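J.: Below are the chains, spelled out letter by letter.
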Amino acid sequence: MGYVIELEVYQGPFDLLLDLIAQNEVDIWDIPIASITQQYLDYLYSLQEKDLAITGEFLVMAATLIRIKSRLLLPQETAEDEDDEELEDPRTQLVEQLLRYKFFKEAAVFLDQRYQEASKCFTRGQRAASFDLKPVFTAPMGDLTLLELGELYHQLRAELEKEEPVHRITSQISLQERLALVRLQLVGQPRATFSDLIRDHSPREIIVTFLAILELVHMGEIALIQRKALGEIHIEPLELEVEVRA
Amino acid sequence: MNLSEAQIVIEGLIFASERPLSVQELAEIVELDPSAVESIVERIREYYAPGALLIRNVGGRYQVVTKPELSPWIEKLGRPVVHAPLTVASTETLAIIAYQEPVTRAEIETIRGVRSDSAINSLLDRELICEVGRKAGPGRPILYGVTEKFYAHFGLTSSDELPLTGISEWK
Amino acid sequence: MNLSEAQIVIEGLIFASERPLSVQELAEIVELDPSAVESIVERIREYYAPGALLIRNVGGRYQVVTKPELSPWIEKLGRPVVHAPLTVASTETLAIIAYQEPVTRAEIETIRGVRSDSAINSLLDRELICEVGRKAGPGRPILYGVTEKFYAHFGLTSSDELPLTGISEWK
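Which chain is which? The protein sequence lines are A, B and C, in order. Letter 108 of the first sequence, counting from 1, is numbered 108 in the numbering used here, and no numbers are missing. Letter 133 of the second sequence, counting from 1, is numbered 133 in the numbering used here, and no numbers are missing. Letter 15 of the third sequence, counting from 1, is numbered 15 in the numbering used here, and no numbers are missing.
Careful: at least some of the hints might be erroneous.
[What the hints assert, rightly or not] Covered by chain B, according to a simulated footprint, are these stretches of chain C (three or more residues, beta-carbon under 8 Å):
# : segment
1 : 49-58
2 : 62-75
[To be verified] For lysine-lysine, the following DSS-like pairs were computed, each having C-alpha atoms within a straight-line distance of at most 27 Å:
#  : chain 1 : residue 1 : chain 2 : residue 2
3  : A       : Lys-120   : B       : Lys-67
4  : A       : Lys-102   : B       : Lys-135
5  : A       : Lys-105   : A       : Lys-120
6  : B       : Lys-76    : C       : Lys-149
7  : B       : Lys-76    : A       : Lys-120
8  : C       : Lys-149   : C       : Lys-135
9  : C       : Lys-76    : B       : Lys-149
10 : C       : Lys-135   : C       : Lys-67
11 : B       : Lys-67    : B       : Lys-149
12 : B       : Lys-67    : C       : Lys-67
13 : B       : Lys-76    : B       : Lys-149
14 : A       : Lys-69    : A       : Lys-102
15 : A       : Lys-105   : B       : Lys-135
16 : B       : Lys-149   : A       : Lys-102
17 : A       : Lys-105   : B       : Lys-149
18 : B       : Lys-149   : A       : Lys-120
19 : C       : Lys-76    : C       : Lys-149
20 : B       : Lys-76    : C       : Lys-135
21 : B       : Lys-135   : B       : Lys-149
22 : C       : Lys-149   : A       : Lys-228
[Stated by the list, open to error] A short, non-exhaustive set of chain A residues, derived as facing chain B with CB atoms under 10 Å:
#  : residue
23 : Phe-14
24 : Glu-106
25 : Tyr-115
26 : Gln-116
27 : Ala-118
Derived by calculation from the structure, the hints in this document are not laboratory data. Quick caveat, the model's predicted, so the values are computed rather than measured. Beta carbons: idealized from backbone N, C-alpha and C, even for Gly.
Model the full structure from these sequences, guided by the hints.
T.: Structure, rendered in structure tokens:
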């Protein structure tokens, strides 16, 4: 025969048969079953030669084709003795299946085109979380303040630094020492600035100083004043009388 | 609410909604007739005409999307590809479900001539199809149908938009 | 590309982007001067004026949102509102992301000393953080940053406005 079938990937036996019919340019209602069957089997052999798995569906179809072929070869009078349904062209049912599959195969091509076209249209990229410009958000952050968030972050960083194994015996600054130091620096001063207090400090010392300042705020000994965002933080010692009376 | 106000509200609703909105949903919110909503949507379409956006009707629901010709630019934003390409097997299976719904796995496999479990599972994972019930009879097999997402992904207004050519040849 | 074309492209980009876009990003994509982009954004603002949308500047980046006066209508779409306060774990995780962004989960977990998946997921659900990219290197881990919602909540325009940022030696 010398007919070479490319080793295409077919979705199934219907797909393969439709391709063979198309390649042979024959009328689907009058399939030359003998030659198509041979080409079908050749394809399966070529798969086998390439060690490619042949699924059961392809083998079932091979059997069907051979059965149809043999039935077509039977003399007409024998066929007339058979049941009514056998009077029909044995190819008819197969052709109907093929046409039905062909329809959906074409519909799939249509869908694929629509899929690609539709994917060119982009929906809104962000969730519409922010249609309300008013800054009244009770949820989702509750009453968390920005300063609390900042303090929390620095506490976490400070804890991380503390947890680091200290191999160097450089000055280990304790919070208590730093607390005392900050108190000392504030004695007799109306105020100090944060940058004064951390001058020449290592990052680790800054953390501990910062924590000491937070601690002093917590104890009500000092107040922190920042006039503008990113501005200098002023530290003012508070009168402790109130504390004493309470 | 007059028509111009309704137009602004409907535009905002379609924009802000996380999913495409039907005429009925819009009509209920703005308390207007569905036909009035439809004509307002047409007005929004005209209003959008000179810009980047368009109102798309997917499965009878409205959605704002960018015009397709802008896709080369928008792809530069590196938005992850949400819809990985479908395999041929999945697209064929989807076509059968779209036309024949509700349909069982066995019916799909009869038409395709091959096992279609993995195609069905992949379509279920992508939420393009869903189980819509059980067929009466032995084994009560699962019936599949397409989802709203199917219409959105394929930019189809309704199943009427599926091509009919050749359908009479076998139906 | 002329100005009208650029206007349509920029409108589409701002609409489709998953995060607010800066003038620089837009300028790079459309290959125009930042000042030209700024004037185009003003033109889009004017174009949007009669409708439901507006271009908002969040932290120096543009995004499309619906006009605030439409919120009573949009709330009728039934967007879920979660009132549960943040857990301590989530708050800590948020603090780290706000100050250290972009930051990976592993980096967050190093600082907190505990697994932080569920805190991260909860923050993603609340849209206080989002994925901002991938870190170069093995596994290309996801990088997290805070969202425009985070800034909006605190009325910030950029991360420079976070308090106590002077102590940034660790970065």
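J.: Please go over all the hints and tell whether each is borne out by the structure.
T.: Here's how the hints hold up against the structure:
1. Given as covered by chain B, the segment 49-58 of chain C passes the check, having 4 residues with a CB less than 8 Å from a CB of that chain where 3 are the minimum.
2. For the segment 62-75 of chain C, the proposed coverage by chain B is satisfied: 6 residues have a C-beta within less than 8 Å of a C-beta in that chain, meeting the threshold of three.
3. Distance check on the hinted pair: Lys-120(A) and Lys-67(B) sit about 8 Å apart at the alpha-carbon level, within 27 Å; holds.
4. Restraint check for Lys-102(A) and Lys-135(B): satisfied, since their Cα atoms lie roughly 26 Å apart, inside the 27 Å limit.
5. Using a Cα cut-off of 27 Å, the hinted pair Lys-105(A) and Lys-120(A) holds, with the two alpha carbons roughly 23 Å apart.
6. Between the alpha carbons of Lys-76(B) and Lys-149(C) the distance comes to roughly 24 Å, so the proposed pair stays at or under 27 Å and holds.
7. Using a Cα cut-off of 27 Å, the hinted pair Lys-76(B) and Lys-120(A) holds, with the two alpha carbons roughly 13 Å apart.
8. Distance check on the hinted pair: Lys-149(C) and Lys-135(C) sit about 23 Å apart at the alpha-carbon level, within 27 Å; holds.
9. Pair hint Lys-76(C) plus Lys-149(B) holds up; C-alpha atoms about 22 Å apart against a cutoff of 27 Å.
10. Taking the CA atoms of Lys-135(C) and Lys-67(C), the gap is about 36 Å. The hint is violated against a cut of 27 Å.
11. Our distance criterion of 27 Å between C-alpha atoms is met by Lys-67(B) and Lys-149(B), whose separation comes to about 19 Å.
12. For the hint pairing Lys-67(B) with Lys-67(C), the CA-to-CA distance comes to about 22 Å; that is within 27 Å, so the pair holds.
13. A distance of roughly 25 Å separates the Cα atoms of Lys-76(B) and Lys-149(B); the hinted pair therefore holds under the 27 Å criterion.
14. A distance of roughly 22 Å separates the Cα atoms of Lys-69(A) and Lys-102(A); the hinted pair therefore holds under the 27 Å criterion.
15. Between Lys-105(A) and Lys-135(B) the CA atoms are separated by roughly 25 Å; this keeps the pair inside 27 Å, and the hint holds.
16. Pair hint Lys-149(B) plus Lys-102(A) holds up; C-alpha atoms about 26 Å apart against a cutoff of 27 Å.
17. For the suggested pair Lys-105(A) and Lys-149(B), the alpha carbons sit about 21 Å apart, so the restraint of at most 27 Å is met.
18. For a cut-off of 27 Å, the pair hint linking Lys-149(B) to Lys-120(A) stands: about 16 Å separates their Cα positions.
19. Taking the CA atoms of Lys-76(C) and Lys-149(C), the gap is near 21 Å; set against the 27 Å cutoff, the hint holds.
20. Simply put, Lys-76(B) and Lys-135(C) have alpha-carbon atoms about 19 Å apart, close enough for the 27 Å limit, and the pair holds.
21. For the proposed pair Lys-135(B) and Lys-149(B), the alpha carbon gap of about 23 Å is at most 27 Å, so the pair holds.
22. Taking the CA atoms of Lys-149(C) and Lys-228(A), the gap is about 22 Å. The hint holds against a cut of 27 Å.
23. A cut of 10 Å between beta carbons decides the hint on Phe-14(A): the least distance to chain B is about 4 Å, and the hint holds.
24. Here the hint on Glu-106(A) is kept, as its CB sits about 7 Å from the closest CB of chain B, short of 10 Å.
25. About 6 Å separates the beta-carbon of Tyr-115(A) from the nearest beta-carbon of chain B, less than 10 Å, and the hint is met.
26. Here the hint on Gln-116(A) is kept, as its CB sits about 8 Å from the closest CB of chain B, short of 10 Å.
27. Annotation: Ala-118(A) was flagged as interfacial toward chain B, and the flag holds, the nearest CB pair being 3 Å apart, inside 10 Å.
Hint compliance for this structure: hint 10 alone is broken.
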